[in-house]
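Engineer: Read top to bottom, the protein sequences are chains A and B.
The working numbering numbers the first residue of the first sequence as 168 and each following residue consecutively.
The working numbering numbers the first residue of the second sequence as 1053 and each following residue consecutively.
Because the hints were derived from the structure by calculation, they are not lab data.
Treat the numbers as computed from the prediction; the structure is a model and nothing was measured.
Among the hints, a few may not be true.
Said to hold, decoys possible - Here are the computed lysine-lysine pairs in the DSS-like style, where the Cα-Cα straight-line distance is at most 30 Å:
(1) A:K394 / B:K1059
(2) A:K582 / A:K450
(3) B:K1082 / B:K1167
(4) A:K802 / B:K1059
(5) A:K691 / B:K1059
(6) B:K1141 / B:K1120
(7) A:K681 / B:K1167
(8) B:K1156 / A:K776
(9) A:K419 / B:K1082
(10) B:K1147 / A:K682
(11) A:K647 / B:K1167
(12) A:K691 / B:K1120
(13) A:K786 / B:K1082
(14) A:K776 / B:K1167
(15) B:K1059 / A:K682
(16) B:K1120 / A:K786
(17) A:K691 / A:K338
(18) A:K767 / B:K1156
(19) A:K200 / A:K582
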Amino acid sequence: MFQFITSQLMFYVAIALVLFVPGYFLLLSTRRKNNFSILEIFTISFGLSIIIVDFLMIILGKSGIGINRLSILSGIIIFCGICCAVFYYFKKEKNEEIVRDELSKKSVVLVLILLFLTIFIKTIYFQDTISPTSTDLGHHMYWSKQIVATGNLPVYEKADIGSDYTIESPKPIADFIIGEHLIFATIALISGKDFISSFPSLVLFLVQIMSILAIFILSREIFKNTKHRDMIAIMSLFLIGPLYALASPQAKFVSGGVIGNAIGNLFIPLAMLFYIKAFSEKKAYLLSLAIFATLGLVYTHHLSTFVFIFATIFALLFFIILNFRTIKFEAKEWLKMFLSPSIISIIILSAAFIFIICVPTYLNSSAIDTAVGTPSKDSRAGITLTQLKTTAGEARFAFAFLGFTLLFFVRKIGKYNQAFLLGWLGILVLMSLKPDLLFIDIPSTRIASYVVFPVAIVAAYAFVRLFALLKAGENKNYLKPLFALLLFFTFMIFIAVDGLRDNSQTLTSNSSIKKSIQTYAASKYLSNHLSESDIVLKDHNYLSGDSWIKLFFMRGYSYPLSRGYFKRYEDETKPREQCTNQMISLPSSPEAQKCFAGTKTNFIMLNPKIDSSQFQRLKNFWQIYASDEVGIFYKKS
Amino acid sequence: MKYLGEKFIILALFGMMLLSFMFLSAVESKNTNLDNSNVWTLYFADPKSDSLDFMIENHSKNSDFRYKILVDKKVVIESDLPVPLGETKNVPIPKETLDLSNRKITIIVTAGDNKKEIYKNF
């Protein structure tokens, strides 16, 4: 019990130090912290902290100082010290009165109720999925653990089996981006938490709650010139919080370990917030923060960066179309801002970081070629409108459609706000339905999952605007108040039922942890008995939690070898080696014999209920381990 | 009482997340404790050598185990072995007492209705 309490305390201290403190101090050093609301400071500090810690870790790794508890703690303290020094050095004598546009009491109560419902629903879902079992999370945590184990930045590479049946030298892979692993490594270093625990999922849960808050503050910013600003923001919170709380990209992304996407869903609204504020208020420091947030996105998730770039381009297009007459004036204003010393400095520093200090793994021609071009598979050729409606949530989609139309004609929300919102939603719908028009070759369902956030904001706007329009003036209504109230409740029930039904369909009691802990126990047994020359092959199809096995060995991303999903061996668009399949499925075949000889595989981990009979017939295999869900066979040479 | 506004949202959010985290951590701690999983495991102490010593690791409610050593299909040793919950028992098997040449040595362990076996071929 004492150990549980101390480990929890260390975890929360690490979260505060890594995920809140650095961002807060950076905001403090801008000397304009008071220009943000308290909720904005809180949310922005979280996002900025992730980016700051990422860059601190990269600098520690690249400089040769090494990554350990002392170096990262020192780095955070020194960074905060510098920010403090900047703040006090440039602090103005006169105390300015802080005027913040706070939420009303009623709004605070509504926000609290919605946040409580959101956290409650997600907690119920996570009690079956919080234990470490998901495949993607296992892969990601390997790299985070590698950072902790080696004190160096990871080298993303894996070794495949070649055509000569031997294991080739490791080759670079572009599937992972460094920002997906650094904060987990940092929290593990400071707290001492084991990666095979709930901590990675809990951190992702926190990221998701903060991304919901980011949508809330973004809504408040976008609609700050309207009378119903807070109502729209609260409605956005309702549509993105307790409703549709579990399906992708919400809680399922947390339990599934879709780290880059989850963090990207935080950075995108934060970056948009900064860009909208920067261009609306014409403040260079806000543009600096926007570029910084974009840089963080670049180092965290390629797909989110791709989506964000497209959203920005489309926002620019919409802005030009809707403000054609004043575009020359606007362009001059933008140029003035971009040519300010702070912006030029940050652009140069960013470019230096990206192209010299630490190039993101996906910035190479082969990785770009796989994402750009005519869709290569049906799954990348776009989804149907029905599928998009299901992804967005039917109720949300219906109101978002209305809201998108209304937004073209609205004048009061602000030209940048309007352009960003139209661009963001418009491009995502286009990328999801017709990716070939934009030469995008990415799984369309992944793109479509990004549509959820702008849909929630636009739907909220449409809902509130609809009822505002029904009330023409102080003493005049287009609809009798009773009918308006009935209509309001009808729509609310429609939205709530759709959102909660979506939750219920995702909420299943399907925990695989009992099977996975047996996999971990078997892995621990093997790791105590392996020598340098031993090669392990495991099965991905029937073993639970198998992607976490490599965390017990820490001998490379491709160790152990893995028999993947059967359909992948038959995929003609992506031919692959057959050894990992043959060695488990048909161990006595001539092909398998060549594979065993070439790869020197001598340990096989599999589910004994499915795959043991083919080994029990062979005299050169010993069964050396047996539990309910895991069997291990040793090939005697 | 002074109106805290958005500060109150942040404080309440901290409280809710803290409770949620503690609950989920406790759930995970319970789920990943093998002693709560009602499973037991059988394995060789040394998987690669000729040693036949084996271990029973018990995380189940049943603590009464029975093991049999078979040379090819003939039972040569049979015995009961109590292994309490949470414990691992090592069972040494002196190889010298067995004729191993060209034989399959199988260790079968049963606990209630559950049976597991491991083997080495010589």
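Engineer: State for each hint whether it applies.
Structural biologist: Evaluation of the provided hints:
no. : hint              : result
1   : A:K394 / B:K1059  : 23 Å, holds
2   : A:K582 / A:K450   : 16 Å, holds
3   : B:K1082 / B:K1167 : 26 Å, holds
4   : A:K802 / B:K1059  : 63 Å, violated
5   : A:K691 / B:K1059  : 46 Å, violated
6   : B:K1141 / B:K1120 : 15 Å, holds
7   : A:K681 / B:K1167  : 19 Å, holds
8   : B:K1156 / A:K776  : 21 Å, holds
9   : A:K419 / B:K1082  : 22 Å, holds
10  : B:K1147 / A:K682  : 34 Å, violated
11  : A:K647 / B:K1167  : 74 Å, violated
12  : A:K691 / B:K1120  : 26 Å, holds
13  : A:K786 / B:K1082  : 41 Å, violated
14  : A:K776 / B:K1167  : 13 Å, holds
15  : B:K1059 / A:K682  : 44 Å, violated
16  : B:K1120 / A:K786  : 21 Å, holds
17  : A:K691 / A:K338   : 27 Å, holds
18  : A:K767 / B:K1156  : 24 Å, holds
19  : A:K200 / A:K582   : 25 Å, holds
Of the numbered hints listed earlier, those contradicted by the structure are 4, 5, 10, 11, 13, 15.
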